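J.: Line order of the protein sequences matches chains U and E. For the first sequence, position 66 (counting from the first letter as 1) is numbered 66 according to this note's numbering, and the numbering increases by one without interruption. If you want this note's numbering, it's the position in the second sequence, counting the first as 1, plus 385.
Source of the hints: derived by calculation from the structure; they are not laboratory data. Predicted model only: the values in this text are computed from it and were never measured. The beta-carbon is built from N, C-alpha and C at its ideal position, and this holds for glycine as well. It is possible that some hints are incorrect.
Claimed, not checked - Here are some of the chain E residues that sit facing chain U, going by a computed Cβ distance under 7 Å: (1) Gly-396; (2) Val-398; (3) Gly-419; (4) Ala-538; (5) Phe-575; (6) Leu-712; (7) Arg-720; (8) Pro-722; (9) Val-748; (10) Gly-752.
Number of protein chains: 2
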Amino acid sequence: MGTAGVIDEDGPVLGVIGGGQLGRMLAEAAAPLGVQVVVADPTPDCPAAAVAREQVVGDFEDRGTMAAVALAADVLTYEIELVDPDALLAVAEEAGLPVHPSPEALRITQDKLVEKRFLETAGVPVADFRAVDDAADLEAAFDALGAPLMLKARRGGYDGRGNAPAGSVEEARAAFGDLSGLVAEAFVGFDRELSVIGVRGDGEVATFPAAENRHEAEILRETIAPARADDAVLARAESTARTVLDGLDGRGTFGIELFEVDGEVLVNELAPRPHNSGHYTIEGAVTSQFAQHVRAVLGWPLGSTALRGPAVTANVLGDGPSRRAGLRGAEAVLRTPGASLHWYGKREVRDLRKMGHVTCVPVADEGRDELLATARRLVAALSFS
Amino acid sequence: MGTAGVIDEDGPVLGVIGGGQLGRMLAEAAAPLGVQVVVADPTPDCPAAAVAREQVVGDFEDRGTMAAVALAADVLTYEIELVDPDALLAVAEEAGLPVHPSPEALRITQDKLVEKRFLETAGVPVADFRAVDDAADLEAAFDALGAPLMLKARRGGYDGRGNAPAGSVEEARAAFGDLSGLVAEAFVGFDRELSVIGVRGDGEVATFPAAENRHEAEILRETIAPARADDAVLARAESTARTVLDGLDGRGTFGIELFEVDGEVLVNELAPRPHNSGHYTIEGAVTSQFAQHVRAVLGWPLGSTALRGPAVTANVLGDGPSRRAGLRGAEAVLRTPGASLHWYGKREVRDLRKMGHVTCVPVADEGRDELLATARRLVAALSFS
């Protein structure tokens, strides 16, 4: 659309690197807008494939895969953070296509040390941190920041993989082996984990109200929106997220994770894509984070980020050994008024793999605690077979 | 799912005869539930194709086309009323698949005389009617029911095509030529056009609150939900719709059109599929009519039909000569908080063709009149180029 203001007869085509659940929900949000989606993913019949117009099967590292997507697309985006930003930029330039968010955002978030420094430069509060590349660095970090420390692999971490608390060099060695390529963060005794979904559009920025997250073993289990925090904390989280967004380039939806500590907020992490903690916006907000990403990437006006009411999302995580399996127990979800099942269509269940989610919204003025209890109960009763 | 209660690793597959906007929105609603959709449609790249897993390109009359869909599907349904019920039943039986709603519903609604008789037998009030096959029948109808009469072609009518008021045999001849195969209905001076979207599930029936419709030249322009009618009328419309649903077989979403006349309701027409006047349920209800159709056809529990608030839908209709064209002016829709654009991705604009719709929901307690004014203004500003 942009300046011409026209949705083509074939719709604009979004080329998406990655075809997991985020790509699938992006395609679900794109369809009503007349926007077509082509995804690249190495797994044949990836979750997004059933909804997207087309899947290019190929590795994310493969420029040919990205070029094939670019050939069919009007604009490029990504839903995973493993993409090589240089390769993506080169492919986009060769095809003469814009890519959003900026590959620079990938460069920042792919390295937790770079990310921390970015956040610090952006002027938002973060936990004190140090780069760690050997035992001496770590000892110095203990001296400066105290023990225990939260140690994070700078690269390749995801859903808590590559994060471990350590009270000593020995514990750190046990968790990481080699001590190079780490970031040590002062341990934060937070009161609450928060996140803000933010959107950078064409000359506009929007944020959804701060949501509250519950992680277990560093994997997101539940999101409660809005967060059950003081209004002042909610406002601080949103304004802090805006400051982060102001420091970024390009357009798109971003997930910004924060800690609430004694009424203040610290920024923890950043994702340059729709975020698991924003899934509640599908039913809970006037515009979903996925529809916002489609709008933003295309340079279209953003939608309202107002909530339609409270909403709670609980993740459906795989358990047990890896296996091909279906979902059991979904009737209870389907029978519960206001509960929405999202099943990502992954062919293989794996332990702690994100298989789907359930979002609960009120049908009779239920509050957040009640919605949370319902979502938790429904997800606990699901199983795989 | 059914008794086993399992969503397969590949999801159940819904085979849909017809791939227009209803098939597209059905596929949009199926995706979050992990349900895949295969559609049959004669137009390559039909609206549903971009969202469905697969399109079988072929005529609706062609058994081979239906058989190809059946081969890929776990259950068959349809989104157009032109399907031959006998052929559909034969294909379903050969493939050992259920088909919902019952092809019998097609048989009823494909012939307006049969439909009127069905409604009469079901025990709901309808406008007085007569079968007309020649001038003598028509004269008798004028004598019995007065003039003018609403004349309708028994078969092949759609969106008002094949409907015309007539005050005399001459006027009827001018409109229809041959006077055979018509139904004459007493002219109803209605106060309001209403519709109820009803769902027949597996041992359960649900209805959405009655909505109010505004037609022009017999084509639906706007739907206001809930209808701006007295509570007693709303209740009567819903209970009348339930009586109609009780008379039908099989599962699925049905659209039931009614007239409000002096506080009473008359049933006008019936559609055995999701209905244009139910599009507001996508944003306006806890469960959309499309999600309900998916659930119902699969025998899954139905969702809540409660409204999330008022909602108004306005159709985006083509104008001018047939041409390949895009949509202009969508920015205003995208910029309006609470307005949702649905563009069906049809490749050719045709005069009065349904190209898309806009639904408005409140973001700041806007009432139905205000939502209607907004939707009307937004749609009026759209054009094709």
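J.: Next step is simple, just say for each hint if it's right about the structure.
T.: Taking the hints in turn, this is what the structure says about them:
The restraint placing E/Gly-396 at the interface with chain U holds, with a minimum CB-CB distance near 6 Å, inside the 7 Å limit. The closest approach between the C-beta of E/Val-398 and any C-beta of chain U is roughly 10 Å, which is over the 7 Å cut-off, so the hint fails. Satisfaction of the interface hint for E/Gly-419 is found here, the shortest Cβ-Cβ separation to chain U being roughly 3 Å, below the 7 Å cut-off. Taking 7 Å as the C-beta cut-off, the interface hint given for E/Ala-538 is violated, the closest approach to chain U being about 32 Å.
Given hint, E/Phe-575 at the interface with chain U, is violated; its Cβ is 32 Å from that chain's nearest Cβ, farther than 7 Å. Because the closest C-beta pair between E/Leu-712 and chain U is about 4 Å apart, less than 7 Å, the hint holds. Taking 7 Å as the C-beta contact cut-off toward chain U, the hint placing E/Arg-720 at the interface holds, the least distance being around 4 Å. With 7 Å as the threshold, the beta carbon of E/Pro-722 comes within range of chain U, its nearest partner Cβ sitting at about 4 Å, so the hint holds.
Proximity of E/Val-748 to chain U holds as hinted, the smallest CB-CB distance being about 5 Å (cut-off 7 Å). Contact between E/Gly-752 and chain U, as hinted, is not supported at the beta carbon level, the nearest pair being about 16 Å apart and thus beyond 7 Å.
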